[in-house]
Amino acid sequence: MSSLLTSVSARADLKGPPPASHKRHRMSLWHLFLFPTALLFAIPLVQMFLASLSPQAELLRFPPPFIPSHLTIDGYTRLLSTSDVLLWLGNTVLVSTVAIVSNMVLCSLAGYGFARLSFRGRNFGFLAIVATIMIPTQVLMIPTYLLFSRIGLINTLGAAIVPWLATSFGIFLMRQFFLSIPAELEEAALIDGCSRRQVFLRIVLPLAKPALATLAIFTLLGAWNDLIWPLIAINDPGAFTLQLGIANFQGTRRTDWALLMAGNVVATLPLIFFFSIAQKQFVATMTLSGLKG
Amino acid sequence: MAETLNDERRAPVTGRGARRRRSIRENLEGWGFVAPATILILGLSIFPAGWAFLLSMQKWNGFSPTQKFVGADNYAKFVSDSQLLDALGHSLFYVVLFVPSSVLLGLFLATALNRRIRFIGLYRTAIFVPFVVSAATTGVLTNYLFDPQFGIVNNVLRSVGLPQQGWLTDPGQAMIVIAIMSLWGSVAFTTVIYLAALQDISPDLIEAAKIDGANRWQTFWYVVWPELTPVTVFVTLWQFIEALQLFDLVYTTTRGGPLGATETVVYYLWDAAFHKLQFGYGSAVAYGLFALTLVITIGIVVYSRRTKIEAF
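So the sequence lines, in the order shown, correspond to chains A and B.
Using my numbering, read the first sequence as starting at 1 and increasing by one per residue.
Using my numbering, read the second sequence as starting at 1 and increasing by one per residue.
Bear in mind the hints are in silico, worked out from the structure with no lab data behind them.
As the structure is a prediction and not an experimental result, all values here were calculated from the model.
It is possible that some hints are incorrect.
In silico DMTMM-like cross-links for lysine to aspartate or glutamate, where the CA-CA straight-line distance does not exceed 25 Å [said to hold, decoys possible]:
#1 B:K276 with B:D73
#2 B:K276 with A:D236
#3 B:K77 with B:D271
#4 B:K68 with B:D271
#5 B:K276 with B:D86
#6 B:K276 with B:D81
#7 A:K209 with B:E29
#8 A:K209 with A:E184
#9 A:K280 with B:D86
Looking at chain B on its own, in the form it has when it is part of the complex (with noise of 0.2 Å):
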């Protein structure tokens, strides 16, 4: 086979059934190459995602032989589903608070990061070591350092005179305590980017401004800060993606209460379809927060496309 392939470099081919032996071997050879992992990746995506919107068309529990087609009544049951419009607004509110404190903590810990001085390993270890601990270790942490009685969270306010608090147990504190801990476990992806994108920043556009007079603060706010646009664009958007899917950490902390107070999207449909075994409904509701997804996401794209910022 060596033999043959030197030749045809050499001498080009001429004839036709050799054209097409050789093309024939050339797609055999690329598909040898990218078949296994190819029919892997499709088959458990896009035969799946299919199946998925065919069942929220359904009405099924997933075992009995009876599958009801309904067509559009389970998205349109949406609009009257009290819970799961409780845990969207759950959902959101995770967003407000987690989106953009990740955002500028990532980019104020870049710029803190983003220096030569002593102990710097240190302190990039201390805030990148929490990014590869699991949600399930996270949520019994969570449980600990937060729990209202032996907690070391109330322990500090009470031998500082604070009055405790009741944190996950409390219906008002609860989210804010996951996006606290959600906020230390992945607070070093957004900071790594942005140390990257700082790192990529031509020294020269510094030194420019430094020369015209500008001092660190309007340096920053005038070159830096528009240089990072598109990070920021890409990152607040990936994060927010993110936070409309959290299940992990709820599910290892407060399983949606107290009182419902943390139920989120994930969550509500993970209970519907394997709890509840409302296959089809659970199915519609994916769908639904996918097309969500999918239109924020377009509508990003576009914008930033179109006051020319170039994240995509």
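Chain A extracted, bound-state conformation (with noise of 0.2 Å):
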């Protein structure tokens, strides 16, 4: 599989369209395709935010109108009184920072190891954290969920942090992305009387940027949205994460949808406003992120 891997995690990001075509009058046929398709994919995340300012009132007539008559925040404001989503919300910023951060550094500072030093173990080590992302998940809940217990982590913040300090995807392309830049540019600045922390820290990380961008992102998305795994760990609700809390609401706020889409956007409009600032880095991530396993 390492082949298409590679060939894949080493593109930066996709290149434009190709050059407009002189048959530009026969490519409009695709907006008959592509305008309903785009609207139908737009139309959850529509409703959502239309739901988050609704009259709770009018989401439970029948039948229920398409557009509400008028806008209101008050989903927000019974979201903010009755419910501790801010504290979840700073909860989640919380897990997703010290993730991505401990990533950041742990897996540039490993994937150089890998790429450029020689030492004993290299290539058994870097073969054990590859083997890795073969283990589904599943596997590792029972056993991990008995450990944290022992070490006192269950129902704490440190439950939803511990497993994303570093990821072997994480390792993976950072080491992939040092392999692709010339070693010549290193060598001399070895040969010049720089340590190799001065190496690392001055010459290789600064070129490393579009990769740590690639990798922010996809701890960021792992982190921010994960479920299964905060589910298992984590039934304190002042430890609860954004997804916890929304995934709780089911519950206990089942039809009050002003509110529980309020929360939604509480937690989707983050990701979407990075999305809108970054969107080539978050394309590119995505073709990588079948490799979360």
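Could you fit the two chains together into a complex? Lean on the hints.
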């Protein structure tokens, strides 16, 4: 599988579409397919935003109106006053931030070590890490739960954070990237008397910004949206992440759609915001996200 | 330290001791870089994976001091566990619904999006954005959109005079609804992979086909599609593995219902381990699923090697 993964992961991002054809007028037929498809894909999120701003009474009227008669922030007010959504948001931000920073530091260090340094056990170590990509989460859930409950991490935010401190995907990604940049640059710096640490910090890392951005986005999506693991490891509402809080609403606020959708907006808007400012990097990351396993 | 390295590079080291010192230092330096991440990852995967394997041969509720060794009994129980077999059937049903449609829709969308026309940026954004939406949110949205009474889907059906459907409350439709919403959230993945693959195809190849008199459909079928085969094998396998592990969307919509119609293998496993506290049996089910995935993966890899499809 490595050849395909390597070719995909070496790609910084997708090229633009091919140059406009002289047969422009014939191309427009694609609009007949693309416009309704795009509309269909947009409906759920549009409905989410609309419902979060709708009067609750209208959402439960029969037959329901397609467009609310007026917009209101009642759903958000209720969300703030009757749930700990800000605490959950804070928890999710904390988990994601620690995960991103830790992944960027640990995986770039390890990726560089595996790509450039020669030491005993290097190939075996890297092979073992790649092999772990194959192990599905389901196999790890039970023993990790037992392990974490023994060291007192269960029901704390630590339980959500620790599995995201370093990822095998991140090491794989960073190693592939470091292998793709010419070694001559580093060798010249070493001959000029720089230490490995200096070479890594001053020469290699600044070049690695695109790969680090990919890693950050990958970690953000994974840590922010993770559900099954926090669900197992955290029962205490004080340590809920946003996703847990939302999933938990399902039981308690089943038909308070305005509030539920307001919660969804709080959980989704930050990701949509990041997507809009870094769309190219997100798309590049998506090609790799199959690796998350 | 920089000085010595410098010297060594200029003059080859001759003494044995010097070489050993250098190799120790190189080893320390190398492990200094890789050790933190390596220890974390192996500690949180290889070690638990081994532990899970030991657990899979025990009968244990996770807390009582007695862990009874039962050997392969847990695995032998699979064939007589009708609820597990049902769950496997539901998972496979989902695989059949989800995998071909995600691959074909991805290919189709990529072909459509791979051109420079007006609004192409908007079209791409509309199809890609759902990818960042979490399973929890997608689940709540599914409940909302497909609500039999107040949901927009039935509302649309009603206004065009079609009969109302039960959707998530109908055992025959619930899995289809889950597959549709799962497609909504993840088809961006197959689309992006195909888009990248399409852009890797040399324009000369397509030009040559045109010169030879091939029409658009022939060009696609005889030139583009064969070029895409490795990618198709790869995404099919990948979506298959993902689909077999369906859990999140079931948890946030039907919780396995109605009448157990959407209880997948992973949902069953989660329920067995963390509700019924069957830690041993749960581990065995996890390993069974792992083995199934592995066998099919190896089968596809071997097959694609034999037939010279360079997917792996």
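Verification of the supplied hints:
Using a Cα cut-off of 25 Å, the hinted pair B:K276 and B:D73 holds, with the two alpha carbons roughly 18 Å apart. Note on B:K276 and A:D236: the hinted pairing holds, with a Cα-Cα distance of about 20 Å set against a maximum of 25 Å. A C-alpha spacing of about 17 Å is found between B:K77 and B:D271, which places the hinted pair at or below 25 Å, so the restraint holds. For the given pair, B:K68 sits about 21 Å from B:D271 by alpha-carbon distance, which is consistent with the 25 Å threshold.
For the suggested pair B:K276 and B:D86, the alpha carbons sit about 18 Å apart, so the restraint of at most 25 Å is met. A C-alpha spacing of about 15 Å is found between B:K276 and B:D81, which places the hinted pair at or below 25 Å, so the restraint holds. Between A:K209 and B:E29, the direct Cα distance comes to roughly 24 Å. Compliance with the 25 Å bound is thereby established for this hinted pair. Annotation: proposed proximity of A:K209 to A:E184 holds, straight-line Cα distance about 19 Å (limit 25 Å).
Of the pairs offered as hints, the one joining A:K280 and B:D86 is violated, with about 42 Å between alpha carbons and a cut-off of 25 Å exceeded.
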